[in-house]
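*Asks:* Each chain is listed here by its residues.
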Amino acid sequence: MGATSKLLLIFLLLAGGVGSVFVVVALSTRQPIEDQTEMHRRGYAVRSKWFLFVTLFLLAAFVATLPFFPYLSRVTAQGPALRVPVIAQQFTFIMPSHLPLKQRIIFEVTSRDVNHNFGIYNSKGELIAQTQAMPDYVNNLEVTFQKSGRYTVRCLEYCGVGHALMEKEFTVGGY
Amino acid sequence: MKLYLAFGLIIAAVMMLVGLTMRMAQAQWLSIPPDVFYELLTLHGAGMIIALVVCAMGGLWFLMRRRISLSAPLAVAAWALLMLGVAGVVISVVFGHYAGLYTFLYPLPFIGSWPGWATGVFLIGMMLINIGWMIWCFQILGAVLRAYGGLRGALGWNFVWCPKAFAAAGHEPPPPEAFPAVVAGLDGLITGMVAMLLGVALLVRWIDPRVLIDPLWAKNLTYLYMHALANLIIYMLAAFIYVGLSYVTKREYHTSKVFVIAWWSSLVFILTNYFHHLYMDVSSQPQILQYFGELSSYLTAIPVTAVTVFGALMLVWRSRTRWTLGAVFMYSGLIGWVVGGIGAEIDASVPFNLHLHNTLWVPAHFHTYLLGGCLLFVMGWVFLLLESRSEHSTSKLMRSLIFTLSFGGMVVFLLGFYFGGATGVPRRYDTQPLPGPLIAQFATIGVIIMLLGFTLAFFEGLRLRSGFSADRMLWPQNLRDDIS
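Protein chains in written order, with this note's numbering: chain A, 1 to 175; chain B, 1 to 484.
Rather than coming from a laboratory, the hints here were simulated on the basis of the structure.
Values in this document were obtained by computation on a predicted structure and should not be read as measured data.
Beta carbons are placed, not taken as given, at the ideal position from N, Cα and C, and that holds for glycine.
A hint or two may mislead.
Here are a few chain B residues that sit away from chain A, every Cβ distance over 12 Å (derived from the structure) [what the hints assert, rightly or not]:
no.	residue
1	120
2	147
3	314
4	390
5	392
6	405
7	463
Covered stretches of chain B (in silico footprint by chain A; criterion: 3 or more residues with CB under 8 Å from a CB of chain A, positions within the stretch not fixed) [as the list claims (entries may be wrong)]:
no.	region
8	317-331
9	345-357
10	429-439
In silico DSS-like cross-links for lysine-lysine, where the CA-CA straight-line distance does not exceed 30 Å [what the hints assert, rightly or not]:
no.	chain 1	residue 1	chain 2	residue 2
11	A	147	A	168
12	A	102	A	49
13	A	49	B	250
14	A	49	B	396
15	B	396	B	250
16	A	102	A	6
17	A	49	B	257
18	A	49	A	124
Same shape as in the complex, but just chain B (with noise of 0.2 Å):
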């Protein structure tokens, strides 16, 4: 788990740089050429989405570990190609000046200013992530399913539908952060393949220019995947929730029959969502297809707002909780989540998708929950392992301190972007039309001001660190103790 969150911090902590960098750039207080300001985005995209990935993916299979048997050794390989991937990607970018965007839409890594080599290279690390992603998936999903009896044991079936067989036979249903792991497992691999099938038909255009490719069918490929895969890296962190929030209130998050239901309606709706992409594409996409991306898009909401997000708080309510900084940043992410899923509702609306399609207000709802929720899951989660394994807690003034400053300086940067989306400011732009600049020189002053809150939590977590002892058992250990 250590490598792949240490790496996923890292490489989160130098995208946000790179961030902050464009940020000031569309704020007319820093000259970068477009052809630069691209690439960094390129850069930004692909790094934040693979950090936060990696994070989930290291801190969900920590946690089933605890559980059932899983390989180390195999985690440690899909963990490099993951990084073989990632040097693939920062290569061309900076080396080939490839500036084709992570979410790129096909033909245009054929038809750009960067070399040919560049966009061959970049193809090759995207795919070696991929595969990376599905050896993690295929070894979860693996373990889950032998551990639980089978897809039926571990989708909680005869649970939901045979409640007093089930009982009788003696029988327990898997644990909450099981469900997150085998919907992982299941769509990650899903749209793991869907992603093979582009990547491979797309180098296969790379090597013979003759070939073409259905530029509708890869946009939906295109789409399919990389909505699944950002929104799996919110649906994995939920499992931070089922163990973490229940050690700082001292209360159990049970699974219920409520609970595996809403879990499976997640795993459908995570393949289905990404149809909302596609809105503007008002005759080439079938109508059908937008009536029903728009539903499952609301629909969404449910198993989220009514099942994870409520019991979170039901844990919470009136309990024991220590706030202490770790308990902080997981509860703030709920409220990242929440937010950030209002702000995806209303751009999933067809009417008001009209005039927030492709504006600011798309990076607004994501960064929302990426960094507002996701990240401060991650943080979260390690601040509870340090506190635990140190067994010191952050003062009240250093805590109040790095809250504000954080969480302050988010919303300042997170209302620049909601701003900018609701006047019409185009994303992707390296120069904005008014009021952009304006915006933008607000939101990067956030920017700056949150990454002081992030920068004072690392040096917290340093003294932290140095308080650690090996010797001390792992929190989640603790955990049972206290609750029983």
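Isolated chain A, as found in the complex (with noise of 0.2 Å):
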């Protein structure tokens, strides 16, 4: 199961769980009527410890995730790696058609005319990376390719009315 997928599965389990509290909620009001000075007081009880909960969850949640930011640090940016030009343009890519495996790589993204978003797909056609191609600025995108194969490049912000067919392949390795 992809990435993506597991994050899907996460999102439907949470939206039935939060559509199963609603139909909870409403299926109470079949329940004799409880005063609303009773049901405040239960309520608000619940509800310090819902703040906590999510407050904690969330802050947790910024925590987990900073590792995995896709940032390059000056430091890491100059390291060693395997420079590749990327100009994105009305309605192509203009960049290498083979690049090596298991080579930690930046993409140097540019546009030369509006803003393109430079989005890599494998060959099950997962997004496994992306950076917007914006003119004036150069955006470094860090890649190593594990596998051998064919990716394709969609533009991923739209350019204009080529866009969807904005693409271009490159293979990766021996392939």
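Join the two chains into one complex using the hints; note that each chain is given alone, in its own frame.
*Replies:* This is the structure we're talking about:
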């Protein structure tokens, strides 16, 4: 199961959980009516715990995601790597058609006209990395290809009526 | 309010048909040239946001007018400017074939396949819409500040920090619906001015092509405005929950200290969350803003889930709720808000955004909270009014039919976006790579079922409208009677 499939599963479980809570609360209106003062007393007690849980969970999630941020520090950006310039323009990418396997690559992505996006899909159609291609700026995207094969770059930022046609294929390793 | 609501709902209905057309094209059941597809997409995006903003403006204005003095002619003037702007957008797209999208990124409007005049008319149209919006913000903010003792009073500052002195002086905090009004007024004006700055820069560029604009600066300003506006819609419609759910549950939503602090935090987060739109500007955007963007996006969930939604569930819990069609729509809208929020939080996580950014996951989450949240709040509100003034309600059979078709179809439609996003299908593609077309076919069926439900709701609304009597009191008055 790919990373995004797991995300979808987590989302569906959470959405199902939310739906269930709402159904249970809606069905509670069939029970004898509870005085609002009493309901407030009990409800606020639950809310305090819920507030604490949500806050701690979100802060923990923030800390947990930090190591996976794709941003390169100045030091790592200048480390040994194959630098591959990529120029995006309506409606193509100018870049090499073959790249090495298991070598640290830094794509230096820019645009010649409007905003584009440089999204790399593997042979299974999974989106493995992306960055914006913006005129006047260069975005450095670090990728190390672990599998040889055919990869497809697609534009993921609307760039004009030929947007959906803007793609480029390249191979990795001895493919 | 009728002017705003009627216009908003008509535009929303037309734009849903436009949306259906686009989904059918992506399903390969309809052949549309790419330029026409993107014109429709431009129209759909702009139209839907404007429709929902207008509904929220009308609803909140109506709710506040019950408590404070608001000028009707000024509200009509703001509406007229909005209409003028909408006319500009329609002319630009229909006659000028402008297809740069509603959330466009500089310099696309100037390097498109459409004529230059279409770009100019589109920009002027959007600026008129923004001016209408800002007039409304000025009006509502000014009136709220006058009524509740300035910014300090309207934000409940003394109520939170000096509660004893506040109570001893015999003061009462503003009602719950005043907080969406003050937040919409403040954040709406701040981001509206940002949009004016960007709009003027773009107009100057349109007049003189030698003028160059920094694309990253323009991108930040674009997302600050667009994100805040989309967010404000749902925050403004929270006022419907405070008043509408109180009515159907026969309970009162109180202004508490926690509630006030929650709105203070929303006031800030609405302005700081937009950074998550620029996560994939991996080197150009300052890194500190990327970290701040994720933290801010996460923290947004706290006031929503721990205060407003939790408070709404407390209202319903073991209450005397009458599950009329209006109550069902309004309550279901809360689910759309929360579930859309979960989708948004996943996308706002940088490591996940790397795989989901600008895939169908993006329209998935915002359709969930705009269609499954905001639109249902508006429909819930309309039906609560109709039920109250006609003193009739919908039969159980019809209610079940409308709910099953509307909600069931919506779930199928939205799942199409989520599955598409998880499989990496890009958004804003007229022809999608596999499995996009197959998913679009299921989604299209979902849309048709949902629209069938909405059509039944429309005719049911007409039936209730026929029993309408102007002599009957508006239901907010009934609400007070019920509570007392």
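*Asks:* Which hints from the list above does the structure break, by number from lowest to highest?
*Replies:* 3, 12, 14 and 18
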